[in-house]
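For reference, the chains in residue letters:
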Amino acid sequence: MVELLPIKNNELILRSDIPDLKFDDFRKALLDFTGEAGQTGQIVQFFAYPDQGDLKLLAVLRSDKLYVASCDAPAKFTSLTAESEKFNLFEREMAEQYGLEPEGHPWLKMVRYHANYTGRPDIFGNDYSSAIPGNYPYFKVDGEVVHEVAVGPVHAGIIEPGHFRFQCLGERVLNLEIQHGYQHRGVEKLLQTVPFKRLPILAETIAGDTTTAHALCQAQALESLIGLEVDAGSSRVRVIALELERIANHIGDLGAMSLDVAFAPPAAYFGRIRGEYLNLSQIVSGNRFGRGLIRPGGVTKVIGPEQRELLVAKFAKLTPEVEHVNDLIFSAPSVLARFENTGTVSHADAVKLGLVGYVGRACGLPYDSRITFPTEIYGELPANSNHVTDGDVCSRAVVRREEIMHSISLINTLLAKPESAGSYLPARLKLAPSAMVVSLNEGWRGETSHCLLTDAAGQILRYKVKDPSFHNWPGLALALRDEGISDFPICNKSFNLSYCGFDL
Amino acid sequence: MLKVLKNRLEQGYRTAKYPKQPITLYERFRGLPEVNRNCYVEIIRRCADACPQAAINSETGQIDLGRCVFCGFCETLSEGEFVRFSQDFELAAAARDDLVTYGDLPRLAEHSHKHFKKLFGRSLQLRQISAGGCNACEADINVLNTPFFDLSRFGIQYVASPRHADGIHVTGPISKNMRQAVLTTYAAVPSPKVVIASGACAISGGPFYGSDEIVGDLNQLIPVDLYIPGCPPHPLTTLHALLNYFK
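In order, the protein sequence lines correspond to chains A and B.
Here the first sequence stands for residues 1 to 504, where the numbers follow my numbering.
Here the second sequence stands for residues 505 to 751, where the numbers follow my numbering.
Note that these hints are calculated values from the structure, not bench results.
It cannot be assumed that every hint is accurate.
[Unchecked claim] Once the Cα atoms are required to be at most 30 Å apart in a straight line, the calculated BS3-like pairs of lysine-lysine come out as:
| id | chain 1 | residue 1 | chain 2 | residue 2 |
| --- | --- | --- | --- | --- |
| 1 | A | 189 | A | 109 |
| 2 | B | 621 | A | 317 |
| 3 | B | 521 | A | 317 |
| 4 | A | 314 | B | 510 |
| 5 | A | 65 | A | 317 |
Turn these sequences into a full structure, and let the hints guide you.
Structure representation (C-alpha cells):
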C-alpha cells in the first residue's frame, strides 16, 4: 500500500507527485488493493493516456479513501483480469483506445467498436470501415435443445440501441452477452480537443438522464484546476438539482417496473409524477433535464423566493401522492411475487464486479459517494441507509423507494433554509499545468467520475469519463443467468443502465 | 382493490387540454429565441464567438435552431440585448433553412405535404430510432405516452416494428455504429413514408458536431421531412410538430 498516493475527491494533484511505479509493482499494488485481502478495494478509474510520446497507465482506487498511482504502459502486459474481474472492462477499454494488449485476459473483446487513438495495430482484428454487428463471434452454447435469441440494436420501444444475445435452454437463460458501442459518438476525444466553451454542453449530454451528475463532476474538476471557489448558495442549488434528478429517475423506473409485471395503474401515475419532477428541474434551470444550470464557478440560476415557493408547494402536494403510489406497488402481492427472488446478484459477485449505486446497495454494498467522498454540502446532510439487500429485483426496487423519500427529505431540508446563490460569471481562465484531478459524485445510478490530466501548457491532455453503468452492465448479465427469459424486461428495468453513458 | 380506487380518486383526470387551450410554461423555460435585429454588431459578434454550438451568424444575428442547444448563454452574455428566449415551444419546421431564424418561424401547418395530411392525418404510426444521442430526446418522446399528453388520443402511436410504421422518428447524431441500422430500419418501412429528425443531434450533430465517430446530419443519409429542434425538444414541441404537420 505504501506505493499509492492517498488523495481527496476533487483535490488538485501535481502529476509529478503521482507515484510512478514499475509495471510489475503497479500490477501487484492494484491486485493487493482489490484482491482477497482487500475485498473493499474498488476501481474508480483505470485508463491509459499519452505522455510525451509514450503511453502511461493511471489508476484511481477507493476503499474509504482515494488513492492514485501510475506506471509506464508496456505494449503487452500480463492481464490483471485473469486474477480479478474488477479489471475486465477497464483493460478491454485501454486495449480498444490505445492498442495495449493485456495478455492472458480471459475474454478480450471490443467494448465500443472504434479504431484506437494511436494508430497501433488493432487488438481485435476489426475492420472499422464495415458496420459493427454481425462479424463478431458471440459466445455460443451448443446442444440440440439450446437456442439463441438476438435482440437489437433497434429495440421494440423508444430506447437506446444495444445488442443482446441470449443462449437459452427452453425458457431458461444460460448466458446473456451484451454488446455495446452503438451509441459511441467519441465523447472523450471531443472533450480533449474542443474549445473550452463546449465542455459543459458535452458533459450535459454524456447521459441525458444524468445531466446534473456529469455536469457537476466536470464543473468541480475544472474548478479545482482553475482554482475557483463555489459559494454555499450555489452548492445548495447544485445539490437540489442532483436530488431532483434522482427522484425523477427512480419514480419513472418504479412505474415502469410495475408495468413490466402487468400492474398498470402505478405506471400511469408515476409516469405523470416523474414529469412533475422534471418540470421542477425546469423551474430551477429552464430545462427538464437540468441543462444550462451548472457551470464551472457556480450555477447560472439562483433559487429565489419565487422558485422556492413553487418548489415547496409542489413538494407538499406530490409527496403524499408518491407515498400512496409506492404503497400501491409494494403492498400488491402479485407485484411482490414477481419482484422477489428474481434477477438475483449475490453479495460476493457484487463485490467481485464492483457494482455501484442502488444496484450495489441492493446487494449489501452500502457505498454511497455522497457519504464516503462528499462534495458540495453533502457532508452536512444526513445519510440514507438500506435494509433490504437480497440482490434481487425487489431489493433494487425497495432501495429506490427509500432513496426517493430520502432525497425528498434532503430537498425539504435545503428549501427550509433560504439562501441566495451567488451568480456565475463566465470567464476565460487557465487550467493548472501538469496537474491531475479526479471528481466523484453520486449520480442517481451511482458513482459518476471524471478524471482530467493537463499537460505542461495547461491544455487538457486526457479527459476520462466513467458513468456508473460501466460498472453495472456486467451485473445485469449475471442477474439473468438461470433466469427465465421472460423476466429480462423486469430485470433490465430494475437496473436501468445507460447505453450512452457506457458508450461515450 | 380499495387502494387502487383510492389512488385513482387521488390522481383524478390529468390530461392536458392542449392544443385546444394554450399551455404557458414557466418563465425560465428557453423556447423560441427572439433576436433583436437592431443589436450592435459587436454584441452579436461576442455572442457568436461565445456560442458553444456555433449557432449564431455573426453578421446577420440569425440563430440556427438546428444547432442551438438552448443553453441560454447568449441571452446571459448580452443581458438580453441580443436575444431573449421566449416560452414559445412551437419550434418545428418543414425546411432546414427555416430553422435559421430571427425568431419568426413559418407556420408549420401550412408547409406540410398535402398528401401526408391525407394519408396520416387520422392515423400515424411511427418507429423511433435512437442513433447515438444522450437518451434525453428518447425520454421526452416516451413522456408523450403518459396521461398528461396521452398521445394516442390523437391517433398517433410509436410501434415496435418498422413494418407497421408510416415513418421513422430519428434522434441522435447517427453514430457510425448506428448508420447501417438506421438505413435498414428506413428500408423496412413501407412507402410512402415520412422521416422526422428530432433534436439538435439528428439535425446537425448537436453537442457532438465535429466528431469523426458520427454522421452528424440525418439529411445526409435520407431525406428529412420534418425537423424538431431542441436539446432535447420539449414534449410539447414534439406534440405541436406532429399535430400541425400531419393533422
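Quickly compare the C-alpha distance for residue 189 of chain A and residue 109 of chain A to 30 Å and report which way the hint goes. Judged against 30 Å, a Cα distance of about 21 Å means the pair holds.
Pair hint residue 314 of chain A and residue 510 of chain B, alpha-carbon separation not exceeding 30 Å: holds, 21 Å
Mind checking the alpha carbons of residue 65 of chain A and residue 317 of chain A for me, to see if they're no more than 30 Å apart? violated, 40 Å
Could you grab the alpha-carbon distance between residue 521 of chain B and residue 317 of chain A and see if it respects the 30 Å cut-off? Cα-Cα ~21 Å, so holds.
Would the pair residue 621 of chain B and residue 317 of chain A pass a check requiring their Cα atoms to be no farther apart than 30 Å? violated, 41 Å
In this structure, the earlier hints numbered 2 and 5 are contradicted, and the remaining ones agree with it.
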